[in-house]
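**Student:** Using the supplied hints, reconstruct the complex from the two chains, each of which is provided in its own coordinate frame.
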Amino acid sequence: MRRLYSSLVDGRGFDLCLIGIPLAFLIVLSGVPLIYNVVMSFQAVDMFSLGSFIRPWVGFENYRQLIAQPEFWPIMGHTATFLAASIAGQFLLGFALALFFWTNFPGASWLRGLFLVSWVMPGLVVGAVWNWLLSGDFGVFNFVLRELHIISDNVFWRSDPAFALWSVIIANIWLGASFNMILLSVGLSSIPDDLYEAAELDGAGALTRFWTITLPMMRSTIGALISLGLIFTLQQFDLFAAITAGGPNNSSNVAQYWAWDLSFKQYDFANGAAISVIMIVVVMLASVYYVRSTRHEVRG
Amino acid sequence: MTTQIEFSGVNKHYGAYHALKDINLSIDKGSFVALVGPSGCGKSTLLRSLAGLEKITGGDISIAGEVVTTLPPRKRDVAMVFQSYALYPHMTVEENLTYSLRVHGVSKGERKKAAAEVAATTGLSDLLHRYPRELSGGQRQRVAMSRAIIRNPKAFLFDEPLSNLDAALRVHMRKEIRALHDRLGATSVYVTHDQIEAMTMADHVVVLRAGIIEQQGRPLDLYDKPANKFVAGFIGSPAMNFLPATVAEGRAATIDLGKGPIRLTIPVAAPIGSSVLIGIRPEHITLTAPGEGRFDAPVAFTESTGSTTFVSTATNPELMVVETGRRMVANGDLVGLAFADTAVHVFDGATEKRL
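Line by line, the protein sequences give chains A and B. Under numbering that gives the first Met the number 0, the residue at position 81 of the first sequence is numbered 80, and the numbers go up by one with no gaps. Under numbering that gives the first Met the number 0, the residue at position 22 of the second sequence is numbered 21, and the numbers go up by one with no gaps.
There could be a bad hint or two in this list.
Covered stretches of chain A (in silico footprint by chain B; criterion: 3 or more residues with CB under 8 Å from a CB of chain B, positions within the stretch not fixed) [as the list claims (entries may be wrong)]: (1) 191–203; (2) 211–217.
Label-pair ranges, simulated between beta-carbon atoms [stated by the list, open to error]: (3) GLY39/B / GLY10/A: 45 to 53 Å; (4) LEU98/A / SER106/B: 29 to 37 Å; (5) PRO105/A / THR341/B: 53 to 61 Å; (6) GLY112/A / ASP220/B: 53 to 61 Å.
It should be emphasised that the hints constitute simulated quantities derived from the structure, not laboratory data. Ideal placement from N, C-alpha and C gives every residue a C-beta, glycine not left out.
Isolated chain B (complex conformation) (with noise of 0.2 Å):
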């Protein structure tokens, strides 16, 4: 694997406020990293300045091995797909598609070829001729990406693409997106706030937070193994349960739900009477009968989906569970939970790291 795109001590300041802090990220050739995280943490900050739409105020950016973190946008060969499409409104979409051909020069035949077989690939043929503004959203959507694809750029960027998109097309353009990328062998930068997006699409996530990246990785290394507090939060829905706890002898841990301690084994050694975050996944606990569980709490209320049942304690913190399939259970009826001793993650009371 070479590396293709590579960000060394890069920063960003807007006046006092430091958007990116020494960040260091290196992008293989031919990946699908997703950039993720909430609002306000840089991640749209980061894609626009390897895209030299922002200008970064330390470190470097290096595309394909050719540092380009002085250079303007147009020299540096990555095409990009805005949230808003960014669609020229009075060009027809052949002319959207070919618009870069036609700044660069290439002649008017070979631009109609090029179009034609873009437009064949993503189902754009029968569009050529009309206006951004004739076309759903989807097709919109969908020029967009032609108009990138069109170039055969270093690096396709995506800036939250799908978010103008409803649901179910959202989750199909999902997975178009990924199978373009796959068919192209093409390295691609994604920013999502969506963590299920950056979960099903990407080879390699990563997570940011006020600037800072905070861990990256498999999406799945994410999940098992999430390096804190923040990125456990973040990754996997509905959110994983944290319960403050005090760590006992014996690789134990007692956690306090009001009803007087209740002792859990934890997967680490920690300093005895420290306090530690116990985190549980809501899908990793099961509901069983009340005293063959690890202990024993009251239903607040329960949300079915027909598929999947969410269901609350009436405990404080507040537990969620994930169960599959139809569970019938009351309002204040008393459950028990049951989960593996694997199915526990402890995090550092303080630092919240992961221990």
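Chain A extracted, bound-state conformation (with noise of 0.2 Å):
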């Protein structure tokens, strides 16, 4: 009994106590509702089975009746095109802005936490904003393009099938592009300036410099960056939600939210579980790939 106590209290036992809080947590909180959303996408379910563990066992039936379905493709589609063209967006701009905050101007590193006001609002908040800048009668985006004779009629964002994804698309790559540049930032400011002021000597220009320095010093933040916005761009629904829930006729309608709208609007549990299957095969191989570029940074 002593020898159990002092084990708790400092030794092997108090390690494992440590680490099996958090692992109880992460299992009851995370691996059992996946377990069971795995479980449950290749089992019958209807609104009578919901309470019970044990279903009649399909297979793969509701794979194949959810890759049926007419709006699978294009909502696969849609989902790969949100996917890309946010992370793409959301680099690019933090990085942009990341590399112009560098260059330390009188209050850069101030302004560059300000930055991040957009990374803590909560989606819905972010939604709502964009549902009025993206308006199109009296929104301020419609204003600008047309000031800029870019456009010469009012878009209607939200409503028109050919924008609808995009409208949500630019509220993403708003809401997660201080993100992209804090981590960037991090990145940039741990090469060392004697690399560059060795390259400068060397003869390299400033364009040669980002190129053959910056880059390839960065490339486990951006691997690491890349793979997280992946995880976090499959994750985005409240701006879905907010800004168009879907429509208009699945044109805005992804993976994530259709799983949702499937499951609790339709009450079809086991066409949303498969799909949730799916897009979790998705997320672990991103995983596996930020802690691979994680575990392989450049160190000098």
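**Tutor:** If you want it as structure tokens, here you go:
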């Protein structure tokens, strides 16, 4: 008894406790629902069997049904567009901002901190703000584009099937760019100044230094950021709920919103689970890449 | 001798801080010049200004006859070895060496050939495909130097390149850098805070303090004829002993070590009654039996390295004596101190300039 006590207070038992508590937390709140979801995607589920864990096993029937739905491929296409455009936009804008603040003009760090406001705002609030900005008849976005003579007539961003997805993408880029900027700023500042000085003395101009020093030295940061971006973007639900609700006519519907729609609006839990499992696989792959790129950091 | 590098009236301000004050310095082609001084004296700033990494706020710098004051670093054709080596961590040794060639559009085949040639002379041939993180400190140092050599620049700049190495390797690299300099016939500017490095490696030593050149010249001239108290104390190890003295009649001065005035002959004339500083290097004092030297002093403590014995006296101010070999004196023993008249340096008490 005393040995057990001393082990718990100061020894292996204490270590196990420290690991055990967060592990139990993760298992209860993430692990079990995840497994439950995976199991459910292989079962026949309806409103009446919702409460039981043992349900008729149907194999890949749910997946077959899901893929057979006419909106499946368009929604997958939208998801891919949303991912690619959001990640590219957030990354490029974030990198541009990071480089801008890197020049360290007076007040740069202060201003950089302010940019984080967009990142800490809840998606629903950001969605509401962008609803006004993107509004077809009185939106500021249209006004700016019109004054710049980029468009001649108002664009009804949220209700035009050609633009609905892009209105969410624009809001999402705005939401995520500052997070990209912060991580990239950290990456930039971790490159020692004397490397640039050495490169400059070696004859490299600003652009050459960027391509041969900055980018390669940032490789692990960029890898981590892209995989994090993939994970965060696949989790982006609030903006869809707030801006377009997947419409009009599924033109801005994406996998994560569709999963919710199937499960909790159409009560088709089996198909909702199936699409979630597909997303889990994608996110897992991104996570593996994330872990790999943070492990292979270049050290001097 | 032609002048390779010339600083004329160079000033550098950081805001209100005046880091370099009207520096005039010319460096001969093929010479090895050491900039030495305590930290914050401006030696690194001067070197970085030469490289173009710092913009000077006044004056001109020219390299090989061309004024480069406004040129960016990459157009100055100088190579620098950094204290941290600044090797590109994501490139192999070969890529590190040939980076400048790559930037200048030299073909891959020629780059490989050039890298192999330089690596052969610096002993890096087996390491060409390693990354900097896989190298020891001395090997990194060699890569940094080879990266400079491969460019065949107008001048080599060294910014305290040995301070990250252990003592034994430092002594070895000192010789290696100097040998390399001689072989290449290059012009080198070497910044260090270590006066021994400056004395042993350089043809010409420039001592800086607070942004001013205190003295420059050949190493032994600086040792023999320091221009002021600062240079006298900075050059030589252990540092010179300084004794406040009052000038007396007949080319003499009196010092007081706490036991009444002692009369010493001085090699220069000075107004009688003026206060001066007498400087005597520890290695120029020899211990004798009491009463046989210039004066007697009790021993405070001794330190022996085996080959050398350092003896400190229990006087005010304390005197340091360096004896070659082992000297068996115990703490509290009375010893006589002897030195030649020529070993005495005299500095003005107020301006600290050599008299």
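**Student:** Compare the structure with the hints numbered earlier in the document and write down the numbers of the violated ones, lowest to highest.
**Tutor:** none
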